[in-house]
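Novice: Please arrange chains B and C on chain A, whose structure you already have, making use of the hints.
Chains as they are written, first to last, in our numbering: chain A, 1186 to 1632; chain B, -12 to 318; chain C, 152 to 442.
One or more hints might be untrue.
[Claimed, not checked] Stretch by stretch, here's where chain B covers chain C in the computed footprint (C-beta under 8 Å, at least three residues):
| # | stretch |
| --- | --- |
| 1 | 227 to 241 |
| 2 | 367 to 380 |
| 3 | 420 to 433 |
[What the hints assert, rightly or not] Between beta-carbon pairs, the in silico distance windows are:
| # | chain 1 | residue 1 | chain 2 | residue 2 | range |
| --- | --- | --- | --- | --- | --- |
| 4 | B | 92 | C | 225 | 32 to 40 Å |
| 5 | B | 313 | C | 430 | 42 to 50 Å |
| 6 | C | 242 | B | 316 | 18 to 26 Å |
| 7 | A | 1557 | B | 298 | 51 to 59 Å |
| 8 | A | 1355 | C | 374 | 39 to 47 Å |
| 9 | C | 277 | B | 314 | 54 to 62 Å |
Source of the hints: derived by calculation from the structure; they are not laboratory data. Keep in mind that this is a model prediction, so the values were computed, not measured. Quick reminder that beta carbons are idealized off the backbone N, C-alpha and C, glycines included.
Listed below are the residues making up each chain.
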Amino acid sequence: MKNSSLLISLLLSGLLTIVSCSPNDSKTPSTDQPDPVNVGIVLPLTGKHAKFGEIEKLSFELALEKVNAEGGINGRPLKLIFEDTTGKPDIGRSAAEKLITQNEVVMLGGGYSSSVTAAIAGVAINKGFPFLVNTGSADIITEPTAHTPSGKKIDRLKKSNKSDDITTKIAELTKKAEKEAESILSRYAIFRLNPPVSEYANGIESFLAQVVKPQTAVILNENSLFGTKGAASFQKTCARLGVRVLLKESYDQGAIDFKPILAKVKDLDPDIVYMSSYVLDASLLMKQSMELGLNPKMFIGGGAGFTLPEFYTAAGKAAEKVISATLWHQSIPFPGAMEYYDDFAKRYNRETEYHGAEAYAATFVIADALRRAKSFSPEEIRDALLKTDMETIFGPVKFISYGAKVHQNRLPTYVVQWIDGKLTMIWPENLAKQKYVYPVNWPEERK
Amino acid sequence: MKKHTFGIVIAGILAVAPLLIDNDYYLHLMILALMWVVIGSAWNLLAGYTGQVSFGDAAFFGTGAYTAGLLHDHLGWSPWWGLLFGPITAIMVAVPFGWICFRLRGAYFALATLALNEVMRHTATIMDGFTSGMAGVMILQSFTSKIPYYYIALALAILSVVCVMAVMGHRSGYYFLSIREDQDAAESLGIDTHFYKMISLAIAAGLTGVAGALYMNYMGFIDPEVVFSLHDISIMAILVGIVGGVGTIYGPAIGAFVMVLAQELFRTGGFGVITSLAESTGNASMITIANNMTQAHTLGFGILVVLVIRFMPNGIAGDWEMLVKAVTKKR
Amino acid sequence: MELLLQTLVSGLLKGGVYALIGMGMTLIMGVMGVINLAHGQIMMVAMYITYSLFAIFGIDPYLSMAIGAPTIFVLGAAIQRYLLNPLMRIETILPENQVLMTVGIGMVLTESMRIIFTSDYKSVQVSYSNAVFFLGGVSFSMPLVIDFFLAVAMTCALFWFLIRTDMGRSIRATAQDKEAATLMGIDTERITWITFGIGSAIVAMAGAMLLPIFYLYPDIGGPFTRKAFVICILGGLGSTVGAIFGGITLGLAEAFGATYIAMEFEDMIGLVIFIIVLLFLPGGFKRLTGV
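Just chain A, with the same shape it has in the complex (with noise of 0.2 Å):
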């Protein structure tokens, strides 16, 4: 026993002096070419959400291409260190952690699903690290104050539906916030490049009121954040629109018969059916409408599963006319944007999609501002994105505060409608490439 408790402390010990020891590979010896300089991104590379991961990975690299073509960072070429989250916040932290310390990062970008971005977000303000979001969706990742105590004051009196005069309450209570988050906020350097999902339905709204002017609706959704904050949204834009919503339901993803839902969708028969999916769950849902036979006076998607080639390969003609919010799409007449989509599919033979696009946008923000900034130091770093004001494939870049948000690049989102298999912008109509198709024969359409 004791020569075996030697024998494991020796192994433990040296276990430890390994690690300690293991080399710094941001150390790697340079020739000729100056020193790069290093931006971690942590993106889900295995696990459940890799398909995602996996698009962003390559829309990463294909913009960092560009950038180094075009002199990199001041002469010293980008480089960008992707590191595996596989979809779980404490392995994220690894990651994150890891490119910090080892990598010697200047900046982290990335992060995809909300669990792992809010993780890291944590390691970020915590270090008052520049880490630039581009797809994790979640309110909170761009609102310090909802942290503080008051803020959770004023999440509950929100959800606690009280009728009685709350408006004053919380703008008292928001100050107060605002006073405690002062701490956190000198050192936020969180900045996010896409909407958050409470704002994924705006550009339905005037669709809607312009155009379908339905009386009531069905609000069906996957049991996720995505899901439900998606749904969620929709009902305050249903009740700012004065529709009736029905019903309200969500679902476990990974559902194989929708039947017994829609069946009571088709009996309440409403006016339009929203529904707030990933693909998958999409076009199961529009497969097994057109088997019921439901025919509402619009199918709405809200964003992600209804706007990828997936869904319509997968529910075929069951897909068609279906709108659909989103947050990009190539015939958007941004700098680039067309360009990206082609290149996109030349180089990998395959399609991308908004994430890409986001991913692909980030880049050129990650440049734009370490070429802005006077050192690599995070508060300079932090300045700089601040004074960002660009243009990119995803539209014009710029960080600012409103609500309760800070450092949160506001873009409009738009509407797409699946027309003979291709999915077109519809609306705004300013920037539609095809008038939409409304109202819609359901049965003529799915013949």
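Specialist: Coordinates of chains B and C only, in the frame set by chain A:
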């Protein structure tokens, strides 16, 4: 005293480790590993010593984590109170469950714990007015430095190992073992097996709940899929126990370090050693290995699990003699 | 009324697919007492085989079963023979090592498929994917109706196989008492890997049937493993007839729950039934019917 030399030496090394490795990344890994020591030891008490294999440790882990988070969210208390109340709520989940389900044996009990795990996850998702559902609970960390977390995690890890040691040295420990070996025989000897199984479950749930509260405090964000994860928490707990050595005091602790470090080793391609070697030498085949490694790390980890179970079924601590022999023979 | 009928039909048809998924597992659990946590992953591999055959050679998913099922039989048999059986021979404190082995195998299968096929979502669209017919206002999905009858046919075939053939008798003997079976001259080792192979082949067929109406990516296996447990426990371990009852009960419970309670409770309902059956009817339907 001699019996505990090993534990004291290791605890001593771990206590001074932060002074030697002042590196946030390694400290982060150590904190995770220490957290897994707590969970693994708790699982081992119930499964390894009492023979009641749980596939639902995440139910207790998540309850502890949510207790810490929701106390902060709803009452404005410091989430550190979770370390006290987390185990209490976890035990409150465990006791009724055990009372009902301990009539089941073997695989049936394991399946019931699996169901408990899933029920808790769904409950946390559905009750979104109370738990914030999938939006999760986010808190700000109280310390900027990793050191306080490290020592808290270390204290909890030592506490859990000592706790298991103390219980097993106590009379109830022998009852646990007798239940594991032959429940009917134990019963016929007049041991209230149902009661002692409940005791074992309550201790295990309490310890797991503490680990959950620690996770909330340290990670700052939880949602139902993270803390009630069947694969990432419940099964990982079993892997830690089995790889380290079932029914041994130090096994789960060894398993925790091995698993956390192995996972990271695979994920980063040997802490970046392979990548940096590939880059510095510019060797084409090295670069492909480095690229594939990052892609296939979960596969590598899975193969490691299969190999360990296949060739070291009693775990590292359990098959220690065999391991030592194998190493010395080769020499 | 129409809503009620539609719910009933949906539940029944879904139950047919569930039954096939559960049947493979019930055989494996009944004979070897192994909780096979890689069951859904084995189905996922089978679905990739079906998908590849369709994408490359254009073979119909139903026909490709003739290739997929034997391939998966070999895979399953190899897993049992070379990875699980050696564990049975070793004295360990807990018999659950085998369960963990299946966890590891599940990981390896998932990640191997990810490396080969990436994480992209795949689906197979055949002419009858969306075919429906209406009976009194109730919609029947054609593929699901076929699957349902195939499930019933498979149950009967397997039942016959277990009752009538020598191999079936040996399997049942092994399930009842392994040592006695060995004494009777049955090569129980061989029986275990054959059983695992058959169980895997059945779930492979379930996967092939599911593909035209569902979709595919590497992480699809986990939820189906969990569903399979519920079905097994409902039906009783080792009972093929029980599996079809278990599958249909689960399908119906989920459908009625979705219509009359809320769809978010769908999974909860299955789990609650699962726990109730575990506690009050250990042995499942097998105990009521005796088969």
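Novice: Now, for every hint given, state plainly whether the structure supports it.
Specialist: Going down the list of hints, with the structure as the test:
1. 227 to 241: Held - the stretch 227 to 241 of chain C has 4 residues with a Cβ nearer than 8 Å to chain B, which meets the minimum of three.
2. 367 to 380: holds (count 3)
3. 420 to 433: Coverage by chain B holds here, the residue count being 7 at a Cβ distance below 8 Å.
4. B:92 with C:225: 32 to 40 Å: 34 Å Cβ-Cβ, so the 32 to 40 Å window holds.
5. B:313 with C:430: 42 to 50 Å: holds, 46 Å
6. C:242 with B:316: 18 to 26 Å: Taking Cβ atoms as reference, residue 242 of chain C and residue 316 of chain B lie about 22 Å apart, which means the hint holds.
7. A:1557 with B:298: 51 to 59 Å: Roughly 57 Å apart at Cβ, these two residues keep to the hinted range, so it holds.
8. A:1355 with C:374: 39 to 47 Å: Since residue 1355 of chain A and residue 374 of chain C have Cβ atoms about 41 Å apart, the given range 39 to 47 Å holds.
9. C:277 with B:314: 54 to 62 Å: 57 Å Cβ-Cβ, so the 54 to 62 Å window holds.
The structure fails none of the hints (numbered hints given earlier).
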